[in-house]
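Put chain B on the given structure of chain A with help from the hints.
First to last, the protein sequences are chains A and B.
Under our numbering, residues 1 to 379 are what the first sequence spells out, in order.
Under our numbering, residues 1 to 234 are what the second sequence spells out, in order.
Think of the hints as simulated: they come from the structure by calculation, not from any bench.
Among these hints, one or two may not hold up.
[Unchecked claim] Some chain A residues near chain B, calculated using beta-carbon distances under 7 Å: (1) Phe74; (2) Trp84; (3) Gln87; (4) His94; (5) Leu102; (6) Arg107.
No experiment lies behind these values; they were computed from the predicted model shown.
For each residue, glycine too, the CB sits at the ideal point set by N, CA and C.
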Amino acid sequence: MADLPLLSIDVSIARESFLLECRLDIHGKCTAIFGPSGAGKSTLLDLINGNLSPDRGIIKLGKEILVDTSTQAFKAPYQRQIGWVPQDALLFPHLNVIDNLLFGHRRRRDSSHSSPSPHQVIGVLGLDRLLARWPRELSGGEKQRVALGRALLSNSKLLLLDEPLASLDAKKRSEILDLLDEIKHEFNIPIVHVTHSLAEVMRLADQLVLIDQGKIKAAGSIESLMGKADTPMLSDRRDAGSLLKLNDLTLVEGRPAVGLLEGQSLFLPLQAGEWRLPARALPLRVYVPAHEVILALEPPNGLSVRNKLACRIERLIPQTSQTMLVELAIGQQRLLASVTTAASEELGLRADLPVYALIKSLSLDVPAGRNLLSDSEHL
Amino acid sequence: MIPTDSTVEWQAIITSLSVAARSLAFTLPLAILLGWVLARKRFAGLAILDALVHAPLVLPPVVVGYALLLTLGVQSPIGQWLDQVLGVRLVFTAEGAALAAGIVALPIMVRSIRLSLENIDPRLERAAASLGADPWDRFRSITLPLTLPGVLSAAILGFAISLGEFGAVITFAANVPGETQTLALAIYSALQIPGGEALALRLAMISLFIAMLALLAAEWLGRRAQRWHGKAST
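Same shape as in the complex, but just chain A:
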C-alpha cells in the first residue's frame, strides 16, 4: 500500500465533555475508528476534514500538511480533497441525483491521482435508474448510495464515512456494506470509517483504531487486535471473537465449503439461498465468536463438530469473574476461546499447552458479497 496516502495525526482539542488527545498513523486501505457514542470519533473526523481546528498539533495527508498549529497553517475543508459521507447523506435537496453526483466532479481541483469516472461509479453503485430523481423521492439506502457516489466522484484522496449505515434497517445496511466492500476493492481511495458497530468493522476494516473518552486505546491491523485476549474494548465484550483469514477455498456449486487455515482445513457453513462471494474472495475472512469455541486436550472422536484445529495456548486472560479468554496460536493467526474458570482449572490450561479447538461450522460467520463467481472448484 505504499502508493496510498498516509494520514498522520498528532492533535489535541478540548471539547465540552472530554479532551481528545490523538497520536495516530493511518495507512490501511480501510481503517475503522470504533468506539461508543461520545468517545470522540466524530470530533476526530471533523479535525480531519477541517470542520474543526485542533487546539494543538498537526495533521498530514501524505506529505501535505492539512493543519499545523505551530506554523498557523490551515487548509480549508474545500481545499483538502477529502470526501465525506455523513449518517444522513446530506444530499442537496434542490438538485436531482445526477447533479448531486456531479457536484464535486465539476469542481475537482487536480487530476494528478486517478479517480473513478461517473460511468464507473454509477455502474458500481447501481444508480442508473435514479439519475433524474429528486432526493426526497429516494429511500434511505438510495440516498446513501448517491452520497457515496458523490464523494467518490469528487476526486477525493481520502473518503471519510461517518456512520453511514446507522440510520438504515438491517437489509439496507447489508446492501450498503456489500457496496462499501466493492468500493474498497474497485477504487483506489483509502477509507476511514467511523462506526460503533463491530459487525461493520469486521466486514470492512483492515486497520482498526479503538477510541474511548477522547483517547486512542489501541490501533493496528484488525486480525491482530481481534485475536488478542487483552485488547481493550474488544476482549471484555460478550461477543468477543477473532477473525481468521483463509487463503485457499474449495467451492461446491460456487459456494465455499472448505477453507485452508495455516495448513489445516476449516469447514464452512453451507450457505442457503443465493449466496455470493465477496468482491474479492481471498483472503476470505471468517469471524469466530469466542464462546463458540470448545477446547479439548486430545483430538475427540464421535462428535458432530467438523472443525478440530490443532493449536497452542498463547496465554490466558481473565475475562469476567467466572470466565477466561484463551488466546490460541494457529501458525501466525490467533483464535480466541472463552471458557469458564472452573473448566480451565480442571483441564489445567496454561501457556504453551497444545490443545484442539472445536468449532461447529454453523457457528462461523462468513460475509456474503455481490459478485457471483463462476463454478470453479478452487480459487
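The following block gives chain B in isolation, referenced to the frame of chain A:
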C-alpha cells in the same frame, strides 16, 4: 388649481414604481448579506448590528427620514463629501426617496431572508465544502437557491413597503411632483387642496390596484417557489 388631466396620476405612478424599483435594487443585495451574516456568523458586535438593522421597524418613519437628513443632508460632512467629490445629492431627489423607503423596508426583508436561511441545515454547506466548493461557490450554488422562497417574499414585501412609504420619504426627499412625489405623497397633497377629494380617491384606487397586483404576483411567485422547493426538499 386642481389638475384635470391625468398627468398627476401618471407622474405619481411612474415616480412610485421608479422609487420602489430603485429601493429594491440596493436593499435586496444588502438584505441578503445582512440576513446571511445574522443567521450564520457569530461575532462580538452581532447584537448591535441586529439592533441597528431592526431599528427602522420600531422607529417612526419620520425619525428615519430625519436621521438621514442629519447624516446625508447637504449640511452634514458625508452629504458635503458626496455632493462635492462624487456630485451625488440625495436630499429632495428620487434617489434620496428610494434610500429612505429602502431603509424602512430593510428590517422586514432581512427578517424574511434570515428565517429562510435558518431553516437550511448548515451541514449542507459543509458537505459542499468537502466536495470542493469555496465559500462564494457554496453561497451561490447551495445557500442562495435554498433561500429562494425567502428572498422572493422579501423582494415583494420590500417593493410593496417602498411603494407606500410616506414619513421617511417626505422628511428626507420632500414632496416634489415628478421627482419624489409618490402615490402616497400625491394623495396627501390632493387632500391639502380644497376640492381635491376626487383626485385623492382616484390616486387611492390606483394605489389599491397596484398593491393588489403586487400581492397577487407575490402569491403566484410564492406558490411557484414553494412548489419548486417542495419538489426539491427532502
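So, going through the hints one by one against the coordinates:
no. : hint   : in the structure
1   : Phe74  : violated, 13 Å
2   : Trp84  : holds, 4 Å
3   : Gln87  : violated, 10 Å
4   : His94  : holds, 4 Å
5   : Leu102 : violated, 10 Å
6   : Arg107 : holds, 4 Å
Hints 1, 3 and 5 from the earlier list are contradicted by this structure; the remaining hints agree with it.
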